[in-house]
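Asker: In case you want the letters, here they are:
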Amino acid sequence: MIKKHYKLISMVILSSLLVGCWDYEDINKKNIALSVGIDDKDGIIQLISQNAKLRSESSGKGEQTQITQDYQNVSQGKNFEETRGEHEYIVPQSNFTGAMRAVVFSKSYAEKGIEAYINRINFLSDLRKSLLIVICNEPVKDFLQTEIKNDISIAYAIEDTIKKLAKDGRTLFKTGQEVQAYIQNKDLGFVIPYVGIKDNAVEFQGLAVMKDSNMISVINKKEIDGFLFLMLKKPNMNKTVYSNGDEKKQYSFQAKLKKRKIKTSYKDKKVNIDVDLQINFSIKYQYKIEPLNKNKIRDLESEATQMIYKEVIYAINKSQKEYKCDIFEFGKYFKANNPKDYRKINWNEEYPNANINVNINTHLTDVNLRSIE
Amino acid sequence: MNTPLTNRQIAFVVYCTIVGFGIIGIPRDMAEAGGTGGWIPVAILTVIFMLNVYIISYLGYINHDKTLLEYSERLVGKFFTRIIAVIYSIYFFMYFTFITRIYAETVRITMLPRTPSWVITFVFFLLLYYSISKGLNVIVRVCEMYGFINIVGNIFMSIIIFTQGEIINIRPLFVEEDLTMYLSGTSKLIFAFLGGEMLFMIPFSKEKNSKVFKYAPAIVGIIGAMYILIGESAISIGGIELVKLYKASVFNVVRGLDVPYLEILRRLDGIYIIVWSLNIICSLSLWGYGVQQCINKGMKIKENKFILALIISAGFITAQIPKSTNDVEKLLKYNGYLGYITSLSIPLILLIITKVKKYDKKAL
Amino acid sequence: MGNKNTDKIEEIKKNISGVLLRKLQVGKDEVWIVFIAQITDRDSLSNNIIKPLLNYERREELTLDLISNSVIYIDDVFEDINENNIVNYVLEGRSIIALPNSDKFIVANTVSIEKRAIEAPQVETNIRSPRDAFTENLDSNLSLIRHRIKDQSLKIDYITVGSRTKTDVVVIYLSDVANEKYVEVIKKRIKDIKIDGILESAYIQKFISNKDTTFLPQMGIYEKSDSTCANILEGKICIMVDGSNVALITPKNFVEFLDASDDHYENMYISFFVKMLRFEAIIITLTLSAIYVGIVAYHADIIPAQYIIVLAASRTTVPVNALTETLLMEMVVELLRESSARLPKQIGPAIGIVGTIVIGQAAVIAGLVSPLMVIIVALGLMASFAIPDYTIMNSIRLMKFGMILITGFLGIFGFVMGFTFIVIKLASISILGVPYLAPIAPFQYQSLKNYFLSNIVLTKKRPEYLKNKDDTRQ
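Those protein sequence lines, which keep their order, are chains X, W and E.
When we follow my numbering, the leftmost residue of the first sequence carries the number 1, and every step to the right adds one.
When we follow my numbering, the leftmost residue of the second sequence carries the number 1, and every step to the right adds one.
When we follow my numbering, the leftmost residue of the third sequence carries the number 1, and every step to the right adds one.
None of these hints come from the bench; they were simulated from the model.
Be careful, since some hints might not be right.
[Claimed, not checked] Heads up, simulated DSS-like pairs for lysine-lysine below, C-alpha to C-alpha not over 27 Å straight-line:
1. X/LYS324 with X/LYS340
2. W/LYS211 with E/LYS467
3. E/LYS206 with W/LYS208
4. E/LYS155 with E/LYS206
5. X/LYS249 with X/LYS186
6. E/LYS469 with E/LYS191
7. X/LYS222 with X/LYS164
8. X/LYS340 with W/LYS244
9. E/LYS460 with W/LYS208
10. E/LYS460 with W/LYS211
11. W/LYS188 with X/LYS340
12. X/LYS221 with X/LYS267
13. X/LYS7 with E/LYS206
14. E/LYS181 with E/LYS155
15. X/LYS267 with X/LYS324
16. W/LYS134 with E/LYS425
Working from the sequences, and respecting the hints, build out all of it.
Answerer: Here it is as structure tokens:
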């Protein structure tokens, strides 16, 4: 039967191919969004999107332009659907988010809670869940409109800066999916990179502390070392120690975390957490060359250990007393080691009173090929 | 008329039918069945189904060169054979139709948002018609190739996911007081293991398939290990709270990954969908072949293309009936209950009858 | 005085032009010699038949037996009694010697036709391999094969096909290695051919292929004698047609189309690498344009973010959408390929330059196509030449258009559907009982390993899927 009517069938199939397809749309006919930002102005949600400009005015045909020119669209509304609707009324092409680099929240919006937009990112298939989330200091409109001097456009600059710092062990890189995982875990808080503009370049200014997905405080980049040693897998610290308290004779050292062991227990209705940090310590160079000997190195090591200990204790005190929120994921370790006790207590209440002990072991790995007498 | 299948081909048939649609919901089912200890119900079910597949291949091997509907007449009589044929054809047909529909919905949501799902179903059914009309040998050869790609793809994907996750998220691995929860959680995971009964529709050969008792259970063991691997790797990304939010948890978790060193392969879930589609094509061809065999052998008609076209059109029309994905999932759940009969009970009953009447000694 | 033979000869001389009749008088007897001058070796006829007959001075009466046994010098003679065969013999180029008083007549082989000398192969070019290619003359081709395989079990069976051309078709195989069933089937199919003329081995190929799977090639064509002999030694069957310089080998698998003879002569590692390259070439030819359409129109987020913007910017001036652009460029490339195959030698290089400059560069500058499209079709074109046996590439070029259409319709999902369709089609073909995709599916490890390594030292057995009588090689 089919062989007899194959002409008819093939005509039907061919004509349906030529009629047009529902999803067919060339990439150059779409609006390529580079980054999106959410701001809050007196209760009105502002959606700012940076889109790539495909035709540049100054370049001639056949020239390759390295700088991607982009333009901004701002739309407002009471909720996301209304705002998106306003956005669609002014953009001539359909949206393409495959080239997006970052999602930026403003400080004022983050203080009211970012959970709604995080859920929107994660459940809508238009937006990519693997985008970087950052909070910015300035209003988003001005932040995204800055002309960056050292990168292709601001969206690239944000992602590249944070990525490089994360690779070097100086900050965290949080994607939309990870943030959602943290929000769903009611016992933990989390941190998001906090950026700003300085001198026409994106500057990493610290970490924003989020409790119940609201921003409660910002950790300044100068005080960040203790936090990093407790949160990152491979944090890195470059600092100097004074030799004999003399400012001219500074020794530059690098401290890298080798291993972090967290032991938890529950005794006498109190949570005990023992943090064991093993740190690899290496001396990089001296500001004023002096002969090195073993005693000197031991002094330097103990001084560096003291410095790191102070930072870590400062971080823990801040999180217990000021933020009252577990941003170091101790809750997960407690659940893993003592599942029965975890189910009985409320971690949010127990954490500020928990007994946290820190023990630091440093181990000298090298003195950067200098000779020791 | 068909040449006999080699052992490896039979193993791949089992693989392709079992690992079909169930694999993408594994992390969520594991998290709901036992929390972070969800791998224990999976391990228990693996052992149960290894035994099950062993029983089915034993029955098939004793009655070599015959399929279930041919040798069951000897075991249980004509009337019950008819009933078995009806049950199996309904069972296979439900899977055949509704897995296509839910696959089309998944493709529509992730890749082609504006295309209506009946178009995807239509093209898919055309391909299935073509593949089933070629006969069992061709389906099995395609299964061999695609099944291999699928195993490699799954292992590769779970290794990539594991490198992005953290071990702390999958602990604690075993909590003693949850033991009863683990045992009761097995009922949620049975859906992912159904499919071994496809071996009933395949004739075994005496000389070539003597080692099938090693291959078929071994592949079920591999499937169980793979399920645990994928489930744990997805849970390790965001913990069990994250996977409980989504139904098609593997896709959703993979979509949120950005692996820096794999710059070219950015959209990992696209690659995973392609690898998974290959498996779905094989599995649905086999389900469709099962429907065709049940109808042909049950009603004692000769194989011809007209009946196959009827089956395919009936499948297409039935696939459009449910209005939403939730209805389809409910239907698949009920079909899973039918699987208790077809996959677990009937082989046991037939085995007992065979042993009692000593047919295995007679046949061999 | 004449008899049936001479009457027939007179009739032939009247009806067929070019037939010459030489009547010799030897003593008291008359000897008639019939031949066609254009296809007869006239020197051999004069020196080996006419001269000894005219020099015959013995007393005995000249009978036909005496002539054939003692007088003429020619090496290939036999006697026949049926006068209706005289016409066929004369048209073949043989000379008929008849005596008016004898019922029988002698048929002498004085065939001489114009033929080419052995030259280098044109279609199958390799780096390191013998260069004696087949010519159109069946005898010289058989001499090349006989010279390479000096085995007593080498069987060469003649069948005559074609009612008007009466072409010789030869089936060559090793009787103690090849599967007898295949030989029987092939011979039966050749004998069943009822056609007026066979001009080239392709006619035989079309007749004896499976009727429902003619889209993909099922027989390999070979121009060189060393590759043909290698296949005969594997247990395959070779068919040669008189008048064609191409030999057919059957049964031939899909993977064997990617096998060139110098893989077996070169280093094992380099031939493994080159085989992988050829697989990639097939995949590239088949899928690259389709993937381009799928990515540009449906899923652009697969490629890295910076390139998305560059790609979109380069396509802003293109007037048509990606699907139409791809189809048009592919048509242009196919046109180029077809025209370059028919060019006389003097114009060839010029067209190559015109093709690249006009179509490639200028079209991009004019903004008609995007530069990426030009690279893609050029890559596809280049990849299609990397396969040693071009017949499989013809099918793949056609399938490429189908893939582009289905991907343009449904994106990557359509691509997977189209690809699976092709895979199912390949898996369903079996030639003489040998599955087309063996040794990949059904998976046979030894044969697959021997195929990839192409190392005669490590190949101890013949391929398993051929079901030969004798599989041991060493």
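Asker: All hints, please: hold or fail.
Answerer: Verification of the supplied hints:
1. X/LYS324 with X/LYS340: At roughly 23 Å apart (the allowed maximum being 27 Å), X/LYS340 and X/LYS324 satisfy the hint.
2. W/LYS211 with E/LYS467: Answer holds: W/LYS211 to E/LYS467 is near 22 Å, not above 27 Å.
3. E/LYS206 with W/LYS208: Between E/LYS206 and W/LYS208 the Cα gap is close to 36 Å, so the pair fails against 27 Å, i.e. violated.
4. E/LYS155 with E/LYS206: This hinted pair holds, its Cα atoms lying about 24 Å apart.
5. X/LYS249 with X/LYS186: Status violated; Cα separation ~49 Å.
6. E/LYS469 with E/LYS191: The given pair, whose Cα atoms are some 24 Å apart, holds under the 27 Å limit.
7. X/LYS222 with X/LYS164: The hint holds at about 18 Å.
8. X/LYS340 with W/LYS244: holds, 21 Å
9. E/LYS460 with W/LYS208: holds, 23 Å
10. E/LYS460 with W/LYS211: At roughly 26 Å apart (the allowed maximum being 27 Å), W/LYS211 and E/LYS460 satisfy the hint.
11. W/LYS188 with X/LYS340: holds, 24 Å
12. X/LYS221 with X/LYS267: violated, 36 Å
13. X/LYS7 with E/LYS206: Judged against 27 Å, a Cα distance of about 24 Å means the pair holds.
14. E/LYS181 with E/LYS155: Judged against 27 Å, a Cα distance of about 15 Å means the pair holds.
15. X/LYS267 with X/LYS324: Holds: X/LYS267 and X/LYS324 sit about 21 Å apart, inside 27 Å.
16. W/LYS134 with E/LYS425: holds, 9 Å
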